Amino acid sequence: MKTKNKVNRRRPSQSWRRRLTPYVFIMPNMAIFITFIIWPALRGIYISFFDSTDGRTFTFVGTANYKAIIGDPTAIEVARATATYVVFYVLIATTLAMFFAIVVNEQKFAKGFFRAVLFLPVMLSPVVVGLIWNDVLDRKVGPLNALLEAVGGGSPGWLIEPKLGMIAVIFVGVWVHLGFYSIILLAGLQGIDRSLLEAASMDGATRGQIIRLIILPLLKPTTLVIIILATIHGFQSFDFIYTLTGGGPFGATTLIVQYIYDHAFQVPIQYGLGSAAGVILFMVIFAFTALNFLLGRKRDAI
Amino acid sequence: MRSLKLSSSKQKWTSASGKRPPTRAEIIRTTFLTVMMLIILAPVVWFVLSSFKDITDLSSRPPKILPTHWAFENYTEAFKMYNYKRYFMNSVFITTVATLLTLLINSMAAYAFSKYNFRGRDGLFVMTLAMIMIPLQVILIPIYLVVSSLGLVNTYWGMIIPAAATPTGVFILRQYMLTIPDELIESARIDGAGEFRIFARIVLPLARPALAVVAIFSILWRWNDFIWPLLIAQDERLYTLPVALALLNGQLVVPYNIVLAMSVMSIIPVLFMFVFMQRQIIQGIAQTGLK
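Top line first, the protein sequences correspond to chains B and F.
Be aware that the first sequence starts at 1, since it is given in the working numbering, and climbs by one per residue.
Be aware that the second sequence starts at 1001, since it is given in the working numbering, and climbs by one per residue.
Derived from the structure by calculation, the hints contain no laboratory data.
Here the structure is a predicted model, which means the values were calculated and not measured.
You may find that some hints are simply not true.
Stated by the list, open to error - Computed footprint of chain B on chain F, listed as stretches where at least three residues anywhere in the stretch have a Cβ under 8 Å from a Cβ of chain B:
id : region
1  : 1049-1059
2  : 1108-1121
3  : 1126-1137
4  : 1160-1167
5  : 1264-1271
Every residue gets a Cβ at the ideal spot worked out from N, C-alpha and C, and that includes glycine.
Based on the sequences and whatever the hints tell you, model everything.
Okay, structure coming up:
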């Protein structure tokens, strides 16, 4: 860490009271960290080996919760739905974000306005997102189907048929987060030295060549960041799906976080099983983050 | 309009020659972007228009784009009915108190990490960074059990405290405070100022840009947060706006047109914040890549 040098490394020779001061400063923050993040995280691992229906009495069951998840056909469905969602979400969101970032970056007229519009959905509450899209995708009175009917496309039941439900959820997920990733990429683009691009265009490189051979390679660190973020967001998606489809139709859009939520807060309550699913989710997110990171690094080395 | 002036005065790499009539590529690009932005905006615009429709308009088929009669009464009704003011004030209260608390404890911790030398500092800092990786959703159950064993379920504090210490907030503020010269703090010490006085009078004012970023993220997140208040607020009097909107709509106790009006009103405060603080929000995201 470069910044370390700036820290005052001299041990203060003052009284014990002076030496206590930094601990007083970090105490409130650390107390909350320990009580509400670290301790629960450790406890989550611990109770994943127990069975509990009330949060008070715990019966040790060994790895039974993990085995139950692996043997649970619902969990397999959830894993499939989560995988489908994450793959399409990450691919579409990062590609579109990259595309929009490059186009908006070249834009001169009303650039700030376009950027603001792109960002607007990021600021909406998941509840409002759910309400908006329920309204828009409504089979009978929604504007989307009205448009489709006008061009003879029928009136698909977006939130009624399982396959369409998944498509709708992926689309809305992308819609919500697109502006967020685009803004990170735009910042990355702004960091690219313009003289490089001017030199290339003087040498007769086409716009496509400049994008492919100069911009994309230079943007790789930022791209890696948004791929990692999108993967994490993808695996954690829950709230707007919950308000949009409630995990339906027929469980088609129930992803892993909702599986955890349902086991913890819907009858029959199974804290242990839910916690085990939480541990699995954490390991999966961790593995994918590490994988993305390593792949990104490796390609840099070549 | 301002962005228009700004962009024409600056030279962008895409155009070598500043002031000439727009090229065909520029026209195509602007048209394309306008169409794409309309697609992105359309659902929100539709939603806002819907909030001015009465029940008959809302169920008309094919749907009407503009309301036949502008039902402003949706809004006045929303204010009169269903404890809307209460939910709104709950959201305001929780967002305000939580953000102030976050700013206070995060900046205190950041100050210790950036300007003091103490045993365990680096270890604790690494631990803070590691916590960024633990998603709240994963530990929903154990956090809930902790909160419940502390008797904080169904209280404002149960909604406010658990997420008040944000690892990212500490990180942003610490990085910023590293740039404050040590000499400034040393000289205040020589002048006899106490440690807390230095923190409050010198460090906090200087860290204002970073505090603004942390505040914006905290406000956005708290205002919109759904899962946590949903779990903690079991008594209807404690509902925040998102919780109330989701539950009222789900239970069908409130007419849909009123729910729409309530939702649109719940967007307005964050929209205002965005309009006025767009630059800070965008810079903050760009610098830290966090939500």
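Cβ contact check, 8 Å cutoff: the region 1049-1059 of chain F against chain B, three residues minimum: It holds: at least three residues are needed, and the region 1049-1059 of chain F offers 3 whose Cβ sits within less than 8 Å of chain B.
Holds or violated: the region 1264-1271 of chain F covered by chain B, criterion of 3 or more residues with Cβ-Cβ distance under 8 Å? Coverage by chain B holds here, the residue count being 4 at a Cβ distance below 8 Å.
Verify the coverage statement for the region 1108-1121 of chain F against chain B, using a C-beta to C-beta distance below 8 Å and requiring 3 or more qualifying residues. holds (count 11)
Do at least three Cβ atoms from the region 1126-1137 of chain F come closer than 8 Å to Cβ atoms of chain B? Since 7 is at least three, the answer is holds.
Three or more residues of the region 1160-1167 of chain F near chain B by CB distance under 8 Å? holds (count 6)
Checked against the numbered hints given earlier, this structure breaks none of them.
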